[in-house]
Structure formats: structure tokens, C-alpha cells
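Undergrad: Counting from 1, position 223 in the sequence shown corresponds to residue 285 in this note's numbering; the numbering is continuous, with no gaps.
The set of hints was computed from the structure by calculation and includes no laboratory data. Glycine residues also receive a C-beta, built at the ideal position from the N, C-alpha and C atoms. Treat the hints with care, since some could be wrong.
[Claimed, not checked] Derived CB-CB ranges, DEER-like: (1) R426 - G144: 51 to 61 angstroms; (2) P353 - R396: 42 to 52 angstroms; (3) P174 - A519: 30 to 40 angstroms; (4) P174 - G495: 18 to 28 angstroms; (5) A308 - G288: 42 to 52 angstroms; (6) S202 - R426: 20 to 30 angstroms; (7) G162 - P353: 42 to 52 angstroms; (8) Y118 - H197: 30 to 40 angstroms; (9) D176 - S563: 44 to 54 angstroms.
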Amino acid sequence: MTKGSQVYLVGAGPGDPGLLTLKGRAAIERADALVYDRLVSPRLLGYARPDCELVYVGKTPDHHTLPQREINALLVEKALAGNVVVRLKGGDPFVFGRGGEEAEELRAHGIPYDVVPGVTSAVAAPAYAGIPVTHRDAASSFTVITGHEHADKSASAIPWEQVARLKGTLVFLMGMDNLGRIAGSLVEHGMDPATPAAVVRYGTWPMQRTVLGTLASIEELVREEGIENPAVIVVGQVAALRERLAWVERKPLFGKTVVVTRARHQASALSSALEERGAQVLEFPAIETVPPTDPRPLGEAVAGIEAYQWVVFTSANGVDAFFAEAASLRLDARCLARAEVAAIGSGTQAALARHGIVQVHVAREFCAEGLVELLAGKVGARDRVLIARAEDARDVLPRELAKLGATVNDVAAYRTRAVAQGADALADALRAGEVDAVTFTSSSTVTNLLACLDGPALLEGVDLYSIGPVTTETLREAGLEPRAQAAEYTIAGLVAALVDSQGGEPR
């Protein structure tokens, strides 16, 4: 075996990416190869290194992309090649996850492995539906049972007579195809048909749906609601507590599907804020940030930074590009010690703080015009001003500062370009009416999304949200009217605008 081989059997949790453990995330970040299942949030794949090999082995109850024996062999093959391998499994790897079989195969080949437990859907799905699996007045125990038994088996492996006598909560996993058989077997062996029963589909995911009934009615209710796999079945008095304890559905954006067009490396903050409010997020990074066409002006400006009385940043991307260039010249935050620093927006201010710059002039209105107003009484006629910002940005800022008498050096710190990956899937979702809202955080996200969609037609009838007036103007130039514009031109302001118009206060 090659030195360095290691396998991690990691529980990804039931769906909500926030339920991944810290140890699980650390394993993903180390991985050379990541072997993952169908019910793993795509957000978790973003923790992997760019050079990590991603291998999908998704399984549904009636279809396996790879049979289990081939998955076992794949883990062995990747590990023997000297890789750090993460086997990322929905829920917990040792709770009906066949993780034990994988561990046995690794042990047989002398491959070291760690098991990283995950939050199991047996507990999390009911919890997100407002159903505690134990409760002092209703259940002092709970039992987790596989519901995945083939109907043609001559005899069930489940001891129904004993199970039906249990006084606690019963949780069945992978049992939707056998729901009627499960309910019928419990009643047949003595359980009251009026016992509360619930089915939670896609528990902890934004598209979670829950049906509450009794053993006598649950099969018919599920059929009427069109509930299918993946789902968890909960039987017991605790199921009735959902009527009082349901909480996910009260989130202001629950049931809404929102597209985030921000660059991939910046999308997580907006996505997380929307998911926290109950939305299902589709990340479509319409832009990516890359070096400017000609990087020399930025390098020359940073090298001669002591000649400037003012340095102005309009975005976090500009800040990061500036300090990356400074680092290449063996400079740090002290290079700005003699200059006044000004910024547009709290996000830009936060980026400066991360680099050690805390004394910053920030306009009350987060746009170029607001910054010009702020600097009008501060920038002197003999001052030299460096503006580090996006290539092809509006000329308002350098033009108006020049009118104040300043000598302005407007340099491109970065540029954005369109990203078309995933455009077909997004277009299909828009055509199918599966998108409730699209957010735009800059003019370039508007321009590039429209380029990927071949125009504005697919966005007609969809609620559009703009982070500020410049982005709004770009939408209007394309013939699109945003439903709302952020009152404060920040990510928090954009989220607030969406909540106010889509959902309002928690229900």
C-alpha cells in the first residue's frame, strides 16, 4: 500500500449542509478523491479542493449508478493509489448506510480508515418537521427500523408482533414503497389504527414536505399529496405534536426557489442567508473573477503606493486583488499607512478589515455617487488618488474626483467574465416555472446571465431582485423591471428586500 493512503467514511447528514460536522468538513478539505451519494447536498462538494476528483455513485431504491461491491472496489483502488479518499454518505454511514460493509472491505485490504458519524435523518427529519422522537409525556424511547424490504419476501425480517407492542416512537427509513405494508402490519399485530403517523419527504432540505395522519389514513393521504422517496415515516404519539411544534414552514422564504448569480467564491454568504430563511437556493455563478486584461498598471500602482494620498476601493474583489499584488511585492497593510482609504459598501469595508485596514471612509449611500459626495470636502486639489476596481467599470468615480482637482489613477484590479456552466439546467428550471426569484448583485451578473440565457425572455414573470441602483438600471436597459431593490446596497439589504416582498415576517 502506498504511504499516505487513508479513507474517511463520512456522514454528510440528512441534507441541510449546515448539519455537516466540523470533522466531516475537515476530511472533505483534505480529500484527493471524493466518492459521494445522491442525497448529499451539492454545497458540501464546494469544500473540496479544486483538484479533488469527484466521483458520483448515487443510489436510489430501484437504481444503483454503481452496485455496492463496485463502490467497495473503487474505494480500495483509490486508496491503494496513495490517495486520501472520502466516502461521503447521506445521513450516518453506519445507520442503514452500508458503511460497515465498506469498512470490512478496507480492513481486508489493510487500508486505514476513520469513521466520521453524521446526523441521521431518523432524528433530523422528524425534528425539522416539528416532531421530537422522544418527549416526556409521549415517548421515552425510539426505534429505527429499515422499511426497505422487498414485497416478494416469504417472511419479513421485522418482528412485527414485538414492534407493534413498543410504547415509544417508531421511525422507518427507506420505507415509502412499503408504507401500506408497514401500517397494515402494525395494525394487524395490535397497534391502534388511530395512532398518529407522519411522513417527512426531503427532511431538512428546503423542499421538505410533511403529511400527518394516522396508521389508518397515512397511505391514502400520502398518495393524495404525491409524496414519494426519499422520506422518513414516523409512528407514535409524538407525531401529533407537529401541529403545535412545526417551525420550518414558518420561515419567511419556505417553499421559495431563489437563484443566486453571484461569483462562486462569494455565493455562499448570500446562499446561506437565504437558506436560513427557508429558501431553496440554486447557485448559478453567472460571473467569475479573473485578473485584468493587462495586470501591469495595478502592479505599478502598488509598487508606487507611497505617492498616493488616497486609495479608493469599490468592492471586496478589488481589495483582495490589491493585497494579492502587494503580497507578491512583499508588502502588507503597512503600505497604506500614509494614505487615506475610502470604500463603497460594508462588504468592501469588511474585506479591508480582514487585511488589517480599519480606518476607512465609507459613504452612507453605497454607490459611486455616494462616495463622491463623501470625498467632496476631503480630497484636495493636489491629491493623487488611486482607484483599484473592476475593468470596464462606470466612469462616474474617476470623472467626478478629477473635477475636484485630484490627479486620478484608475486601474483595473480584476475583471469579471461570463460563466455558462449549468446554463441549460437553469433554463430548464425557468421554463418549468420552478424558479420564484433571481437575485443580482452587480451589473455584470445581469449582463452575463442574459448572455447565458440568450436574452431576457426566460426571466419574464420571475421576480427579480437588485442590490442597488446601478444593477437596477442594467436590468431596465434589458427591458426587465425588478420587483424590489435593496434599501441598503449590501447582501443583507438584498436578503431583506426579498424577505419583505416574498414572505414577510416569519409565520
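Undergrad: Against which earlier hints does the structure fall short, listed by number upward?
TA: Of the numbered hints, 2, 3, 4, 5 and 6 do not hold.
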